[in-house]
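*Asks:* Residue numbers (the working numbering), protein chains in the order written: chain A, 811 to 1046; chain B, 811 to 1046; chain C, 811 to 1046; chain D, 811 to 1046.
A few of these clues could be false.
Copies of the same chain are indistinguishable here, so a pair counts whether it falls within one copy or spans any two.
What the hints assert, rightly or not - Cross-link-like lysine-lysine pairs, in silico, PhoX-like; alpha carbons within 20 Å at most: (1) 970 to 929; (2) 970 to 1030; (3) 876 to 845; (4) 937 to 974.
Hints were generated in silico from the structure; no laboratory data involved.
Number of protein chains: 4
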Amino acid sequence: MISCLKAAILAGGAGTRLYPLTAYVPKALIPIGNKYVIEYILEYLRANEINDIVMLVSNNEIDLLKNHIQDGSRFGVHVEYSTAERVGTAGALDAAKELLGQTFLVYYGDVLANINLKKMMQLHLTKKAVCTLAVSTAVPIEYGVARVDDDGRITYFEEKPVLKEYPVSMGIHIFERDVLSYCKPNTDIAQHVIPSLLRDGKRVYAYMTDKRHYDIGTFKSLEEVRQLVENNKLLF
Amino acid sequence: MISCLKAAILAGGAGTRLYPLTAYVPKALIPIGNKYVIEYILEYLRANEINDIVMLVSNNEIDLLKNHIQDGSRFGVHVEYSTAERVGTAGALDAAKELLGQTFLVYYGDVLANINLKKMMQLHLTKKAVCTLAVSTAVPIEYGVARVDDDGRITYFEEKPVLKEYPVSMGIHIFERDVLSYCKPNTDIAQHVIPSLLRDGKRVYAYMTDKRHYDIGTFKSLEEVRQLVENNKLLF
Amino acid sequence: MISCLKAAILAGGAGTRLYPLTAYVPKALIPIGNKYVIEYILEYLRANEINDIVMLVSNNEIDLLKNHIQDGSRFGVHVEYSTAERVGTAGALDAAKELLGQTFLVYYGDVLANINLKKMMQLHLTKKAVCTLAVSTAVPIEYGVARVDDDGRITYFEEKPVLKEYPVSMGIHIFERDVLSYCKPNTDIAQHVIPSLLRDGKRVYAYMTDKRHYDIGTFKSLEEVRQLVENNKLLF
Amino acid sequence: MISCLKAAILAGGAGTRLYPLTAYVPKALIPIGNKYVIEYILEYLRANEINDIVMLVSNNEIDLLKNHIQDGSRFGVHVEYSTAERVGTAGALDAAKELLGQTFLVYYGDVLANINLKKMMQLHLTKKAVCTLAVSTAVPIEYGVARVDDDGRITYFEEKPVLKEYPVSMGIHIFERDVLSYCKPNTDIAQHVIPSLLRDGKRVYAYMTDKRHYDIGTFKSLEEVRQLVENNKLLF
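Next comes chain A alone, as it looks inside the complex:
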C-alpha cells in the first residue's frame, strides 16, 4: 500500500540561513558524515518502502543534483525531476502535479527524521484525511518564555521549552490530490495551503510523535546533526 506512495521532495530553496555555505553547495548536497543530506533522505524513504520519488528543484541546483542522483538506481529508488523557478513550496507542487498521484508524501529536503511512514499512512487512511501532518511534541522553541498572571506576576518561566500543546510541524505531510487545487504559484504550504484547508473545514490530521526531527537549515542545527551522526547517536 505505502509502496505505491510517491514522495515529492522539496529540494529547492535558497538556503539563506546557511549562507555563505549555500553559495557553494545546495542544501540537499551538504555532506554529513559519509553521506549527503539527500542520500540520507532517499535511504530513509526506501527503508519505509517508498521508492518513487519526485524531486522538486529550482534551476539553480537541478544540474548538479541530477548529475548526482540521476535516476536514483544507485540508491535503490526511482527518481524523477520537476523544475520550477522559486515559486514557493506550494507552487513547486503545482508545477509537478502531472507527476503526482492520488495520494503522495511531501517531504522537506532539509529535514532528517525517523518517523514510521507506514503508520502515518495508516492514520491518514483511517481518518480519511485530506492532509496529514507529522507533528512532534519534542521540539524546543528558541526563546525563554513566561506565563504571567493578571497582576503581571510571572508564574512560569522556562528557557527553550517544549510547548507540548503546540506540537511542531516536521515538514512531512501526506496529501490527497485535492490539496493541489490549493497550491498556486508563489504560495507556501505552511503559510497558505494548510490554513486554507482548515478554513474550509477539510479533514486535516496530525500524526503525533514524541521523537524530534532535525532540519539542517541553520548552522546551529547542521552542527547539531553532524555531532549526532559522528557519535552514532542518530541513525537514519
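Starting from the structure of chain A, add chains B, C and D where the hints point.
*Replies:* This is chains B, C and D only, laid out in the frame that chain A set:
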C-alpha cells in the same frame, strides 16, 4: 531615580551562531549601519538616563572592547569592566558583584530594543519585585505549530506564530541585589536563576510590551536588523 | 603505454585557505557547475586514457569520498584508496607505495588543468627522466613587482605579471619509482622531494605549456573557475 | 620636513578576497588583537611623524569609518575624508586632489608595514624622484617555480621562493603632485599610473627594504598577521 540605576551589559559570550564572523569580530563590535552594536546599546541606555555601565566580558574580547569604549566618555556614559572566563551569564554577574548596587539592570549584549526603561523601573518598584523581566508579546517563534483535538484532528495551524500566552523574554531584566545570591559560577540567568527564584516564591514580575526586540545572535536576525537600520525603520 | 600509467591523486589536505567552506565540504567535493571537483579530475584523466587511480586521502574525508566515488566504475575508471593521517604530500605517496608501479602520475586534487598527458609521458620517456613536472608560463603572480637598477631607479614595473623565466609548477608530475625513496613521512613533494632530486643530480625535466591551470584552493580562484565553467569558457 | 607630508590612505575597496567577512565589516575595521586595522595604520603614520591624513573611502563604508575615526584627534592625527564611488585607486586620488599638496604619501589601507618613512622621504628628495615605491626583497610568491635549460631540464626549483631580482611593491608610495595628471577615474595606480610614468621616462625610484609587509586582504594573510600580533612578534 533611574539615573542611579547601573546597567550590567553581558558582552561576552562565544557567539557560536554567528561563527565564522565571530572568529574575527566579537558580537558587541559587529557594525550595523554607521555604528557598532555596543554603541547602539550605550546610546539607548543613555537616552534612558542610565549612565553607569558595567561591561561583563570574557578575556577573549576585553582588550579590543576596552580599547574601543575606554571609560565611555566618548559615548556620554561611564563604563567599568568586569572580566571573567566563560562562567555563564549568572556567573558573570557573580564575578561583578562588587561593582553592582542594590538594584541594577541586566542587559544582554546582543539585544537591540527600544522599551521605556523608566516605566519598567517604575513597575519594578510598584510591585516591590525582586526581579522584573521585560517580555514581549510580539516575537514569532521559528516553527509551524498546530493544535490538535482528542481525535488527532488539527484545529489550528500557523507558520511562525506569535504565541501571546507565552510572552518572550527580551534579555532585559531589573534585579534586586538579593538575586546575586542565586548567581553561581557556571550558571545561567534564564536556565537557573529565574526558575529558582520562582521555585522559592520570590516576587518575579513581567514588564510586558507589544514591541519586539531584535537579537543579532544569528545571521538571519543580524541581516534583518541591518535591513531595518538601512531603511531607517528602526531607530534606536 | 599511457593507459598503464596509474595516477595518484592527492585528495587530502586541510583546505585552510577555503575555510570555513572546507569545515563542511572537503575540497575535492566542492561542486562547480554540475559536477564536483574530483569528478572533473576523473573525467580529465579518463579522457587522457588514465583509468587506474589511487586516491590518497586523510581519515577526515575518506568515508565521504569513498561513498561518493566508490570503485570509480560510475566514472569509467578504477579507483583504489590509500589513507594516511596528514603526513605531507610526499608522506602520502610513501604510505601508498604498495599501490604504485614503476612509473606513475601524481596529481594535486585541487587542480583543474587541461594539458596533454600523453605528450607529457612521451617527453618523460624520451628524456629518460626520473621526474617530470608540468610547468606553465601563463600563471600570473599575485604582486606588483619591479626591477631596479644600481642607482635604485625602477626600470620595470608590472602588476600581477607572468614571469616567463620562472615557469610555475601546476601540481602534475610523472615520477619514476625511484622518487619514492625520497618520500618520507611529513615531507612535501615541492618543498623537499624535488629540491633533493635536483641536489642529487637526478634527471628532472619540465613539460612546459603556455596554458594555465586553476587551483580551487582559495575563494578567489574557486570563484574564477566557477565563472569560467558557468560561461562555458573552461571545458575540462 | 616629513611632518608636512600628508598621507592619502586608500581605505575603500571591495575586499572580495575576504568575503563573506567583508559583507559585515569593512577591511579597515577588521580587528586584530586589541585594535582595528586602520588604528594600526594611524599609529604607524603618527610614529613616523605623519599627522595629516586624507582617508579615501567609498560610499559603502564612509559612515561607519567616519563615526569610528572622526577627526582623528582620538588617535593624535588630523583626518579628512574624500568619498568617491569605486573609481579605482588612481581615480580615488584624482577625486581627492584638492586635499593633496605638492608631495604626498599614498598608503594602501590593507597593508601593515614598519618601514622608516623618513628615510624613504629622504631618498625621494635626494633622487629628485617623481614617484618612489617602497619595495621589499622579502616577500615570497605563492607558487613553486622552476628554471629550465634549453634541453628542458630543470636546473632550479623552489616552493614559494623570494625572487630578489623582482622586489615586490608594498603599497606605500611617495608621489609628487605631477603624478596626479596620470590619475584618471577608473584607473589603478599599479596597473596604469606607474607603468605610464615609466613609459614617459619619469624618475621613478625604489625604496628597497629586506623587511616584509603584510596585507590583510586574504584570510590566510589575515590569520598570519593575527598570529604575529598575538605572539607579540609584530609590533607596529
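*Asks:* All hints are to be evaluated individually against the structure, with a verdict given for each.
*Replies:* Each hint tested on the structure:
In this assembly of identical chains, the alpha carbons of residue 970 and residue 929 never lie at most 20 Å apart, being 30 Å within a copy and 27 Å across copies at closest. Within a single copy, residue 970 and residue 1030 get their C-alpha atoms as close as 14 Å, and across copies as close as 19 Å, so both meet the 20 Å cut-off. In this homomeric assembly, residue 876 and residue 845 come within 20 Å of each other (Cα to Cα) both inside a single copy, at 16 Å, and across copies, at 10 Å. For a Cα distance limit of 20 Å, the shortest separation of residue 937 from residue 974 qualifies neither inside one copy, at 22 Å, nor across copies, at 31 Å.
Violated hints for the displayed structure, listed by number in ascending order: 1 and 4.
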